[in-house]
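Chemist: Below, each chain spelled out in residue letters.
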Amino acid sequence: MTRIPEPDVDAILARLAEQGVRLERADAEALLPALASLLRRLARLEAELPDDAPPQPGGGARFHR
Amino acid sequence: MSDLEHLGAAELARRYRERALSPVEVVRALLERIGRLDPGLGAFVHVAAERALDDARHSEAAIAAGRPRGPLEGVPVALKDLLDAADMPTAAGSRVIGRLPERDAGVVAKLRAAGAVLLGKVGMHELAFGITGVNPHFPPCRNPWDRERVPGGSSSGSAVALAAGLVPLAIGTDTGGSIRIPASACGVVGLKPTFGAVGRSGVVPLSWSLDHVGPMARSVEDAAILMTAIAGHDRDDAWSAERAHEPAGRSIGAGVRGLRLGRLDAAAVGADDQVAAAFEESLRVLARLGAETVAVAAPALEPIYTANFTLTACEAASFHRRRLAERPADFGDDVRRNLAVGLLLPAAGVIAARRAQGVATAAWLRVLDDVDAILMPTLPRTAFRRDVRVSREPGEAWNRLVTPFNLSGLPALTLPCGFDRDGLPIGLQVAGRPFDEATVVRVAAAYEAATEWGARRPPSQA
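In order, the protein sequences belong to chains A and B. So for the first sequence, our numbering puts the first residue at 1; every next one is plus one. So for the second sequence, our numbering puts the first residue at 1001; every next one is plus one.
Hints in this document: simulated from the structure, not taken from any laboratory. Heads up, a few of these hints could be off.
[What the hints assert, rightly or not] Partial chain A-side listing against chain B, Cβ under 8 angstroms, derived:
(1) ALA14
(2) GLN19
(3) ARG22
(4) LEU23
(5) ARG25
(6) ASP27
(7) ALA34
(8) LEU35
(9) ALA36
(10) ARG41
(11) LEU42
(12) LEU45
(13) LEU49
(14) GLN56
(15) PRO57
(16) PHE63
Source: prediction; values computed, not measured. Glycine included, every Cβ here is placed at the ideal spot set by N, Cα and C.
Construct the complete structure from the given sequences, taking the supplied hints into account.
Modeler: Given below as structure tokens:
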């Protein structure tokens, strides 16, 4: 996830349509700021992760496997 | 019985044993109260009056025969509307889930085995994907302390029903704070157990890896009683822990002398002045009771929130994608858009979130190497008005201090620790080590016993 292109409304609608989901344009416009912000945060989160940090073992199972 | 509606589970059980009160009497009184007050509160979405009265008669007979099935015999409980109960509809606060289940959820089966009387289903934020409790598909669910404020969510109906004296116990679920947020906003007690401690079979998922089912009540003791009744292995939940569970209330009454409690800096984690002042005072109370409180630094909160939201959105989108494709107009705007976000995140980002989960869990466990429990405000501010549009703020602010314990899976409890100038409740959060609900309960019970916040009642409850 080194480079994430800034999403735009048409790209959002197309990506959703590929997954069988057809939203109104107003929905895509409304969710765009939150999506863009989350993508930036995820990029920052990934950049700050230690190189050797693995995913949480066992998915959700934390302490008992 | 003038205050019957505010009796807790422990007190009801005691009065039942002494034949001072009967389950039928209690269930009738609560059904009457629900009929009278709930139209203005919107807590219940389904009232199982007939079955509840039948079950209360059964409980009454069991108690009379000296053979109660368990500690909840004859005690009314409300279920969040995403738990299956064989005789009630499950809608998960939505228009897209509509089922009349044939089987009880694992937790519901445990409740019935313990003798509980199920009063009905209580409302929630749509599909548990939100923290306000404002749901476009149901009549408004209102905060009993100020009906123009949100109750918090997603277990909104559970918290409202408790605060308003409609039921003594309720079940909630918590993926990003959904037990603790409404409990704090409505001035009741909510415990998010350790991940895996309470089974989730028969519960409509939001995020398989972050969902927790837990008890809500008006006192710490009652929450512990309910926790003990619902804890334990659930063979139909792949992530249920296979281990023996100590009673959550086993150290109630032990006090906090000798305990070392880590305190977060309330201002540094974004609490407003009134919340910070109430939190600081709660620290002084615990110190007077003999606890040693030491400053601890919180692992970075923003990546925790980001990871928790990312995992929630992606897992929820995976679960609901087909319904979203077929019936997009049947979702509320906020939920439809959040599910779409979950479909748009890159796989590498989701893996990064899962890696951040491992880092955060290890960091919180390191904090707990040095202290017995961690103290912090539950919410950085009290309930906001219903007409405030929730986007990043104040929505994220309400998630910030609760999501660490969804992502890490550590147990965390909220209880009232004060009121702001508008008379709105403030919550104190106590978090602990994995499967050490008993210490969390011990600390919370000691604080509760030394203060009177939990005894306050919302206004205008005739």
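Chemist: Hint by hint, note whether the structure agrees.
Modeler: Results of checking the hints against the structure:
1. A distance limit of 8 angstroms between C-beta atoms decides the matter here; for ALA14/A the minimum to chain B is near 11 angstroms, and the interface restraint is violated.
2. About 5 angstroms separates the beta-carbon of GLN19/A from the nearest beta-carbon of chain B, less than 8 angstroms, and the hint is met.
3. At its closest, the beta carbon of ARG22/A sits 7 angstroms from a beta carbon of chain B; the interface hint therefore holds under the 8 angstroms criterion.
4. Using the Cβ-Cβ criterion of 8 angstroms, the hint placing LEU23/A at the interface with chain B is satisfied: the shortest such distance is roughly 6 angstroms.
5. For ARG25/A, the interface hint is violated, since its Cβ never comes within 8 angstroms of a Cβ in chain B; the closest pair sits about 12 angstroms apart.
6. Using the Cβ-Cβ criterion of 8 angstroms, the hint placing ASP27/A at the interface with chain B is satisfied: the shortest such distance is roughly 6 angstroms.
7. Restraint check, ALA34/A versus chain B: the minimum CB separation of about 6 angstroms is within 8 angstroms; hint holds.
8. A hinted interface residue such as LEU35/A counts as satisfied when its beta carbon comes closer than 8 angstroms to some beta carbon of chain B; here the least separation is about 5 angstroms, so the hint holds.
9. For ALA36/A, the interface hint is violated, the least distance from its beta-carbon to any beta-carbon of chain B being 10 angstroms, above 8 angstroms.
10. Hint status for ARG41/A: holds, given a least beta-carbon distance of 4 angstroms to chain B, under 8 angstroms.
11. Satisfaction of the interface hint for LEU42/A is found here, the shortest Cβ-Cβ separation to chain B being roughly 4 angstroms, below the 8 angstroms cut-off.
12. Interface restraint check: LEU45/A against chain B, minimum CB-CB distance 5 angstroms, threshold 8 angstroms, status holds.
13. At its closest, the beta carbon of LEU49/A sits 5 angstroms from a beta carbon of chain B; the interface hint therefore holds under the 8 angstroms criterion.
14. For GLN56/A, the interface hint holds, since its Cβ comes within 8 angstroms of a Cβ in chain B; the closest pair sits about 4 angstroms apart.
15. Because the smallest distance between the Cβ of PRO57/A and any Cβ of chain B comes to about 7 angstroms, under 8 angstroms, the interface hint for this residue holds.
16. With its C-beta approaching chain B no nearer than about 4 angstroms, PHE63/A sits inside the 8 angstroms limit, and its interface hint holds.
Hint check: violations occur at hints 1, 5 and 9; the rest are consistent with the structure.
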